[in-house]
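Fit chain L to the given chain C structure using the hints.
Now for the letters of each chain:
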Amino acid sequence: DAKTTQPPSMDCAEGRAANLPCNHSTISGNEYVYWYRQIHSQGPQYIIHGLKNNETNEMASLIITEDRKSSTLILPHATLRDTAVYYCIVRSYLSGAGSYQLTFGKGTKLSVIP
Amino acid sequence: SQTIHQWPATLVQPVGSPLSLECTVEGTSNPNLYWYRQAAGRGLQLLFYSIGIGQISSEVPQNLSASRPQDRQFILSSKKLLLSDSGFYLCAWSVPGREETQYFGPGTRLLVL
Chain C
207 DAKTTQPPSM
217 DCAEGRAANL
227 PCNHSTISGN
237 EYVYWYRQIH
247 SQGPQYIIHG
257 LKNNETNEMA
267 SLIITEDRKS
277 STLILPHATL
287 RDTAVYYCIV
297 RSYLSGAGSY
307 QLTFGKGTKL
317 SVIP
Chain L
22 SQTIHQWPAT
32 LVQPVGSPLS
42 LECTVEGTSN
52 PNLYWYRQAA
62 GRGLQLLFYS
72 IGIGQISSEV
82 PQNLSASRPQ
92 DRQFILSSKK
102 LLLSDSGFYL
112 CAWSVPGREE
122 TQYFGPGTRL
132 LVL
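Which chain is which? The protein sequence lines are C and L, in order.
This note's numbering puts the last residue of the first sequence at 320; the count rises by one with no breaks.
This note's numbering puts the last residue of the second sequence at 134; the count rises by one with no breaks.
Chain C on its own, in the form it takes in the complex (with noise of 0.2 angstroms):
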């Protein structure tokens, strides 16, 4: 799996969108990106995937660049529920092909203020 480079905190203020960055410059054609994020004291949780198009779904936003060597995940109207630590991964879709193993970088610490 492709290693992946995102800042270790964030603030965004309450009702602002939350741009969260993350630079994978070494992945592979058939790696997605995935993001999780991890509430303090709860399971992580699955947020949003994508391969090369921008995708959108009830939680979040993920904007991939055209050369997929980096993406954001946008969360549009930050609340204070959001506060999380936030995880990109790449991983291969295909069956079989990677490990049952989900790892977790360090993430981002994102703070909303109110």
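A few of these clues could be false.
[Stated by the list, open to error] Derived list of chain C stretches under chain L, where covered just means 3 residues or more per stretch with a C-beta under 8 angstroms from a C-beta of chain L: (1) 248-262; (2) 307-317.
[Stated by the list, open to error] One side only, chain L facing chain C, incomplete, derived with CB under 7 angstroms: (3) G64; (4) L67; (5) E121; (6) T122; (7) Q123; (8) G126; (9) P127; (10) G128.
In short, the hints are calculated from the structure, not lab data.
We put the CB at the ideal spot given by N, CA and C, even for glycine.
Structure of chain L alone, referenced to chain C:
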């Protein structure tokens, strides 16, 4: 919709005592099931995974064991707990073949004294 339950939520146990943590999944059939441990301030470590009833794979050697007596039930056990077993234990499930998208339970916080 699918839900995943874990219990107990917190547990304080003495060294040398046995352990049994339970995880159940609702709303899906034949899921892949996983046990992870997260030590304080550290990342997630995969302990066991299961692709079917009675099929358990261990990722790391330790004094813990896992069992899957039913399709949607996954149990983590120990005969004698060590201090180093303290941590946050997370159960997760995924659709078979889609290990990259895992859905986690609320976790059990275990403190061994």
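Broken hints, by number: When the structure is compared with the hints, none of them turns out to be violated.
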